[in-house]
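A.B. asks: What follows is each chain in one-letter form.
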Amino acid sequence: MDMEVKQLRNTVVVKLDGEMDMLMAEKLKKDIDQRLLNKPIANLIIDMEKVTFIDSSGLGAIIGIYKKINAVGGGIAMLGTQPHVKKVLVFSGIDKLVNIYSNECDDIMDEFR
Amino acid sequence: MNVKNYVRFEFLSLAENISFARSCVGAFASQMDCTLDDIEEIKLVVSEAVSNSIIHAYDKEDTQRIEIMVSIMEMGILEIIVKDYGKGIEDIKQALKPAYSTDPGRMGLGFTFMKSFMDELEIISQPGEGTSVRLIRNFLARAEKAHA
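Quick note, the sequences are listed as chains A and B, same order. With the working numbering, letter number 24 in the first sequence gets 26, and the count goes up by one each step, no holes. With the working numbering, letter number 109 in the second sequence gets 280, and the count goes up by one each step, no holes.
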């Protein structure tokens, strides 16, 4: 799985590509933890358009990151989730903590291109 | 019940092999009369079972062995067995509770997904002797229920 991270002031956009399991979860957690050490992140946008799979390890990584960002008053949004990925997100209840959008919000993403 | 086809494979307890395992099982299951949604759910439960073995049974030690056997049986039944030789589960009843995990950094949804997306879940485990997770999906019964 590939991961592209861009930061604009206190907002971070993580573009994920591939399958979000234990392998990717650890990579994502490590990267965000490192960024949080340097400077608080107010907003984290996860571009899920190219994520074709997620399991509980992937969900666990998102929850872990959510707790850390929420503790400093920030929030997370997930964009472009595919239907079968969204089904797992909703089943887990993560949609009550994180805003999930099925369609990519181009106006937001354009800022980071 | 007669087995119409089966596949059996084993691999090292490396995180890189989780994707390989679920893809193999998904590809094998796709010869049954099922939808893409069915395959996605099967891949998810295999991912959960293999991740459990790597994380909980072997504490992420990547030199251990995990076996998978998948059987296509008569009457549209798919059986998946994921077996490890790790430390085993002390309290299976507790492990099956939603959101329970021995690792505070995890969501404890693995068995919940397996129970929810499959028709049967059986866990055979002894501390120190490993764990065998048996998952059943009855495609025929699901199709009949959907058309009822």
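Hint data in this document are derived by calculation from the structure and do not stem from the laboratory. Be careful, since some hints might not be right.
[What the hints assert, rightly or not] Counterexamples of contact, computed for chain B against chain A with all Cβ distances above 12 Å: (1) Asn-176; (2) Asp-208; (3) Glu-219; (4) Lys-254; (5) Lys-268; (6) Asp-290; (7) Arg-313.
[To be verified] Partial list, computed: chain B residues near chain A (C-beta under 8 Å): (8) Leu-183; (9) Ile-189; (10) Ser-190; (11) Phe-191; (12) Glu-211; (13) Ser-222; (14) Ala-266; (15) Ala-319.
The beta carbon of each residue, even a glycine, is placed where N, CA and C say it ideally should be.
A.B. asks: Hint by hint, say whether it matches the structure.
C.D. replies: Going down the list of hints, with the structure as the test:
no. : hint    : in the structure
1   : Asn-176 : holds (25 Å)
2   : Asp-208 : violated (7 Å)
3   : Glu-219 : violated (6 Å)
4   : Lys-254 : holds (19 Å)
5   : Lys-268 : holds (14 Å)
6   : Asp-290 : holds (17 Å)
7   : Arg-313 : holds (16 Å)
8   : Leu-183 : violated (14 Å)
9   : Ile-189 : holds (5 Å)
10  : Ser-190 : holds (6 Å)
11  : Phe-191 : violated (11 Å)
12  : Glu-211 : holds (5 Å)
13  : Ser-222 : holds (5 Å)
14  : Ala-266 : violated (13 Å)
15  : Ala-319 : violated (23 Å)
Of the numbered hints stated above, those contradicted by the structure are hints 2, 3, 8, 11, 14, 15, listed in ascending order.
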